[in-house]
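Okay, here's what each chain looks like letter by letter:
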Amino acid sequence: MGTHALTIKRASAMPAPTWHFLKMNDTQIEIPEGLAVAPSVKVSEPWRARGAADEFDNALADAQEEWEKLHPEPTPQEREELEAFTRAEADATYGGTAQSNYQIGADALEEARSLAVAFEHGVGEEAAAYLRFAAGERVVVQTDPGQSVEAQVVVSAVPDALSVAAIDVVAGRNSSVSLSIVVDSPDVPASAGASGFAGTTVRVFADADARVSIVRTQTLDLGFTDIDDMGLFAHDRARIDVRQTVLGAGSTFTGLAGDLRGDSANIVVDTRYLGHADQEHDFNYVLRHHGTRTECNLGANGVLAGKSSKTLRGTIDLIRGAKGAQGSENETVLLVDEGVKNKTVPVILCNEDDVAGNHGATIGHIREEQLLYLQSRGLSKDDAERMFVGAMIEQAAIDAPDEESRAGVLRLGETVIPGFAELFEEEA
Amino acid sequence: MAEKKRTQVEDIDRSMYDFRYDDSDAEKLDAGLTPEIVREISERKGEPEWMLEHRLKSLEIYNSIDMSDWGPSIDGLDMENIVTYVKPNTDQKSDWESVPDNIKDTFDRLGIPEAERSYLAGVGAQYDSELVYHSMQDAAAKMGIVYSGIEEALHGEYADLIREKFMTLIPPTDHKFAALHGAVWSGGSFVYVPKGVKLDYPLQSYFRLNAKGAGQFEHTLIIVEDDADLHFIEGCSAPKYNVANLHAGAVELFVGKRAHLRYSTIENWSKNMYNLNTKRCRCEEEGEIEWISGSFGSHVGYLYPMSILAGRRAKASFTGITFAGRGQNLDTGCKVVLGAPETSASVETKGISKDGGIQTFRSSVVATPNAEGSRCTVSCQSLMLDNRSRSDTIPAMDIRCKNVNIGHEATIGRIGDDKVFYLMSRGISEEEAKTMIVNGFAEPISKELPLEYAVEMNNLIKLEMEGAIG
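Those protein sequences? They're chains A and B, same order as listed. Quick note: the first sequence uses the working numbering, first residue 1, plus one each step. Quick note: the second sequence uses the working numbering, first residue 1001, plus one each step.
Keep in mind that the hints are not guaranteed to be accurate.
[To be verified] Computed from the model, here is a short list of chain A residues facing chain B with C-beta under 7 angstroms:
(1) 101
(2) 341
(3) 343
(4) 349
(5) 350
(6) 357
[Claimed, not checked] Pairs of lysine-lysine, BS3-like flavour, derived with a Cα cap of 27 angstroms:
(7) B:1028 x B:1057
(8) B:1315 x A:23
(9) B:1142 x B:1057
(10) B:1176 x A:9
(11) B:1315 x A:341
(12) B:1176 x A:23
It should be emphasised that the hints constitute simulated quantities derived from the structure, not laboratory data. From the three backbone atoms N, C-alpha and C, an ideal C-beta is built for every residue, glycine too.
Please work from the sequences and hints to get the whole structure.
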């Protein structure tokens, strides 16, 4: 029995929406009818199911207890004072400040005082739930305090099928986890025109002083759709690094949400993407600072060629109490061909004054002086433009964390630039 | 750790604006919004038939459109309680002495006649739903410039031109309050600057909403023909009431080839005002629009002046400051469309929030496939003066052209201890240092304002410092 047709509306929604005419607030994911659910996930031994299935939920529950001790609920007297203040404020300010829906929602989320409720998935709960359902058994990578492990999950997509992995990473105190996720369609001949779905949904719990590094490399054929979902939780002084390389698939949905709950927690996201042919890429990032002196750094670098299009929603939320927090977001997009479409909306939400938030975006063609230099070296304008496409793939191959990832990049490079693999091996 | 003492910035002093006069002698239509009310407004104004049809169609659109779900709440605004038309007990005059005493006194206290005498080429003054005063210097009239009430112009030699342009940049379908404006608009100015005419002194329109629970819906239409130049200033204020007032004006600006228009606004509505205003400009080849915008008042504000750069090498700049204090949620910013080759735009905004106020910078930059060789820079800085307030930045870019250069940068933060410390190390007191920093933050905007307005802005932001950091 295959999948039922399903439309997931308002997937990857940004917390603070803007004008609807821009069509940027969220996206829609169409799951076609009749896809087989394929068992095409390979996990490097010996880490498969090392942790129990409820490891993540237990870790979050423990963190909740700890957090409540440090952040006790207001006493009845304090609550009464607060309510009296709110009433007086409403009387004095014409019914109170007319908050928008998302501002009301943000306050309600904080008032819930629940780490589990606050935990988010980048593509949204509905899409993540579907991925969990499609994945079946969960891969749990768990470390004890002080331990260091490396793990790899390979999703090999096959035509007319849904190939999904659900992964939990639960990194104990002062431990370290390196996880490589490879999403590829290695057995599909380039000319086959096959289609299918692949995806991963990843939850990360990084306990105090833990280090988690995730490198996800996606090199699917153009007939495929990829959904990359991540939800991150960072405890005190934990650091989570995520590198996402998005080269393949006709449609991609990349969503990452992170809760920097612990003091001095740090999340770094490095996204690299290539748009070519008719590819459509959709990215959504939401990083919420709760802890003091937390830091996040969101970097996205991409090249858009052919008739490709891309939307990137990036939200840094500096929440009241996150004193000394710093959030930074930077995007560079190189537009190579006529017909490309780029949408970017880098958002900073802030209701704490003792913070620093900044974002920057640069979108455009090759700089005039770069182009002149390359032309002076004998390259035509077209050659120079193609060079940037090749460079994006080449960099992905150089930075690939393992053989499987590199093989996927070279295979995809060959479909974009004939002879790429040979040239790369020669240069290497 | 000892609690840090915070920079205390006083709320804007609105006492000079917060006075009112009895409006019992004004003619008011019933509160609410019905086809009968719309017909009555049209009939009272003796409008052409096409305008009545436009109003009724707009009302239909208003009733069919939902309110946006992304911005500040307007739950406190009940259209059933809003009086859409209030006619003061006077007709439009061209000398202040003929204006009834209470209205003249209002504008005297706001400094309008004095400004007219000292540096303006013409003034229009609207009181509630109607213009009560309109005048332009003879020299400007001799240059062929037309500056009059738009309703008056609807019956004159520019009637066809107005019909051709009216609500084409801001169609009633644009959003709910554009439709409302189309249905009940009243008052506002019409400006026509002929080809090649450059006016050295600004024209100014001032809008005063005196009536409790009323709406003001003035329409401003400005046409600056090829090679012409104009500076237009708009000001607005209202006394504070304990019920909602509504402002849903519309500003449509047409800038011809190589023409230049500077449009300056200081918005200082009272804190019971819902300011849902719409402003839009279309620039032809090498035409230039400069927006200078200060938003200080209102309970809720939605304001995003839009520049449509339709001609090759057309230019736009937007310089704005928003100050959101207690009880205010001001959602402001701008929209830019790079719609032709080699167009350029620059946006520089500053936002200050304090004492529980919310200020949001929202923008969109759209580069169409025609925008070959265009560029745009957006720079947005927000200053939080306490942790009860909120400051959000939501800029969007939609780029559909390869050879463009689009840059965006934004920062949010508070007054840096290091900056205060540096100034103190140079012998400046802490209070003075903080004042200097906040003034310096607003300075790029105030320097763009006419001197009298810059002084007004400095008066608006009265700073009072106390205590020490850390």
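Okay, the hints, checked on the actual structure:
no.: 1; hint: 101; in the structure: holds, 6 angstroms
no.: 2; hint: 341; in the structure: holds, 5 angstroms
no.: 3; hint: 343; in the structure: holds, 5 angstroms
no.: 4; hint: 349; in the structure: holds, 5 angstroms
no.: 5; hint: 350; in the structure: holds, 5 angstroms
no.: 6; hint: 357; in the structure: holds, 4 angstroms
no.: 7; hint: B:1028 x B:1057; in the structure: holds, 23 angstroms
no.: 8; hint: B:1315 x A:23; in the structure: holds, 26 angstroms
no.: 9; hint: B:1142 x B:1057; in the structure: violated, 39 angstroms
no.: 10; hint: B:1176 x A:9; in the structure: holds, 25 angstroms
no.: 11; hint: B:1315 x A:341; in the structure: holds, 23 angstroms
no.: 12; hint: B:1176 x A:23; in the structure: holds, 19 angstroms
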